[in-house]
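Number of protein chains: 2
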Amino acid sequence: MARKLFELTGKNPEWRFSPFVWRSRLALYHKGLDFEGIAWNFTDKAAIEQSGQGKVPVLVDGDQWISDSWNIACHLDQTYPDQPRLIPQGSIALMHAFNQMVDAHIHALFRPLVVMEIYDALDAQDQAYFRQTREPMLGKTLEAYAGDKDQNRELLWKGLSPFEPTLKNNSFFGGDHPNYADHIMMGAFMWAKCTSDYALLPSDHPFFSWRERMLDQYGAKARTAAGFVIKPL
Amino acid sequence: MARKLFELTGKNPEWRFSPFVWRSRLALYHKGLDFEGIAWNFTDKAAIEQSGQGKVPVLVDGDQWISDSWNIACHLDQTYPDQPRLIPQGSIALMHAFNQMVDAHIHALFRPLVVMEIYDALDAQDQAYFRQTREPMLGKTLEAYAGDKDQNRELLWKGLSPFEPTLKNNSFFGGDHPNYADHIMMGAFMWAKCTSDYALLPSDHPFFSWRERMLDQYGAKARTAAGFVIKPL
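Protein sequences appear in the order of chains A and B. To convert, note that position 118 of the first sequence is 195 in the numbering used here; the numbers rise steadily by one, no gaps. To convert, note that position 114 of the second sequence is 191 in the numbering used here; the numbers rise steadily by one, no gaps.
Quick caveat, the hints were computed from the structure, so don't treat them as lab data. Since we're looking at a predicted model, the values are computed, not measured. Misleading hints may appear alongside valid ones.
Just so you know, same-sequence chains aren't split out, so a pair can sit in one copy or run between any two.
As the list claims (entries may be wrong) - Below, in silico cross-link-like pairs of lysine-lysine (DSSO-like), each with a Cα-Cα straight-line distance of 30 Å or less:
no., residue 1, residue 2
1, K245, K132
2, K308, K298
3, K217, K298
4, K217, K108
5, K81, K226
6, K122, K226
7, K122, K308
8, K81, K308
9, K235, K88
10, K226, K108
11, K81, K235
12, K298, K132
13, K217, K81
The whole structure should be built from the sequences, with the hints applied where relevant.
See below:
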């Protein structure tokens, strides 16, 4: 049975923008596992009903339905132990803590930079769903939440700054080679790359060169995915 | 030559409250390495001049002077590879990112909860130094920064919440056993335990039971160190 990954999309079915889906895509590339990416809309709950919940990524691997990017990463390491590991042995809890930290602190900084671009690129039914579900979570309209892009970029820089020394001393969060920590962080940068050409970083920023290295990984599939071209600030 | 760790203290020379010093203490316990803790005041720059900088922890290991808790952890794993590892092989960059995240996001939440207690426990010369150096950094008086304890505790809970699932599924950030990730996080909790008996957590909080497990490690030396007794909220 073919391996399938359900992936958020919009009006253009080639467009795959979700940061959590990108974690799973990069993980699958890293493991060298073929898969078919299935375009999925927010409101198409029926298509992923067998996963027992209503969000993507959902991986269908043989007869197993696995939801949640973290569970997918653990599943891949457990099921394919002979392929390159995503999470180093003895660092599963630490990787989970990093996963949680990026969700809480890094995604919050990217979200205002992408929210209106995502809204504009969704189909009409998903637009209504997106506004209805997100505005109560955000406590304001999407437009108010988006705010001022340049100001949001400065906040992003501040939020990335604690990790600059890490990337000055290491090629990847995985060390000499990327691992799932890089996929976690790169998901957020792919979220941005898929949604606009707004330049996030100057070329001398440690995250700029790290992102370039990540875009070149795995046959440069992230670089050529439907989205925008990275430009330095 | 005896191994020595320079440690921040106050009026009571038994009192060792620095979260960064605690990272190094716990790391030395973990490695099973004896050391003499040397009481050190903020203003006693001469005593650690050989480290080439003015902050503790400073470890003197034979003829090597090592400053900065991160450098000390790396030194200990490199110099004593046959003792239990602090940082799993292949996870040095990830551990560094975790280190940076705790500095940026977790210490910021503990700091207002301990700042006045620390000030009150310093000797007169260090009190002046502490106020002079900290107030410009904080952009307000120590008293204003301390603010309302109960409000600060709520912010702490919110900041810890992303990591609750990690500790629900794992005994330690190191997995089944503590490693340097636990020392990093525990440093912040020891900062609080050393400075006041203000109850931070209810007994059913995942961080409460994790802290209990950490206090029991290494011959319960952290539990019996000069400071206060932990009480559940």
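Consistency of the hints with the structure:
1. Only between protomers do K245 and K132 lie at most 30 Å apart by alpha-carbon distance; the minimum there is 23 Å, versus 35 Å within a single protomer.
2. Taking identical chains as interchangeable, the C-alpha atoms of K308 and K298 lie at most 30 Å apart only when both belong to the same chain, with a minimum of 18 Å there against 53 Å between chains.
3. For a Cα distance limit of 30 Å, the shortest separation of K217 from K298 qualifies neither inside one copy, at 36 Å, nor across copies, at 49 Å.
4. In this assembly of identical chains, the alpha carbons of K217 and K108 never lie at most 30 Å apart, being 40 Å within a copy and 51 Å across copies at closest.
5. For the identical chains of this complex, K81 and K226 are neighbours neither inside a copy (36 Å) nor across copies (50 Å), given an alpha-carbon limit of 30 Å.
6. Taking the shortest Cα distances, K122 and K226 never come within 30 Å of each other, neither inside one copy (32 Å) nor across copies (45 Å).
7. Neither within a single protomer nor between protomers do K122 and K308 lie at most 30 Å apart by alpha-carbon distance, with minima of 36 Å and 46 Å respectively.
8. Within a single copy, K81 and K308 get their C-alpha atoms no closer than 32 Å, and across copies no closer than 50 Å, so neither meets the 30 Å cut-off.
9. With identical chains, the CA atoms of K235 and K88 are never at most 30 Å apart, being 34 Å at best within one copy and 37 Å at best between copies.
10. Taking identical chains as interchangeable, the C-alpha atoms of K226 and K108 are never at most 30 Å apart, the minima being 36 Å within one chain and 48 Å between chains.
11. When the C-alpha separation of K81 and K235 is checked against a cutoff of 30 Å, the pair qualifies neither within a copy, at 37 Å, nor between copies, at 36 Å.
12. In this homomeric assembly, K298 and K132 come within 30 Å of each other (Cα to Cα) only inside a single copy, at 24 Å, whereas the closest approach across copies is 46 Å.
13. For the homomeric pair K217 and K81, neither the shortest alpha-carbon distance inside one copy (36 Å) nor that between copies (55 Å) is at most 30 Å.
Against the hints set out earlier in the document, violations occur for numbers 3, 4, 5, 6, 7, 8, 9, 10, 11 and 13.
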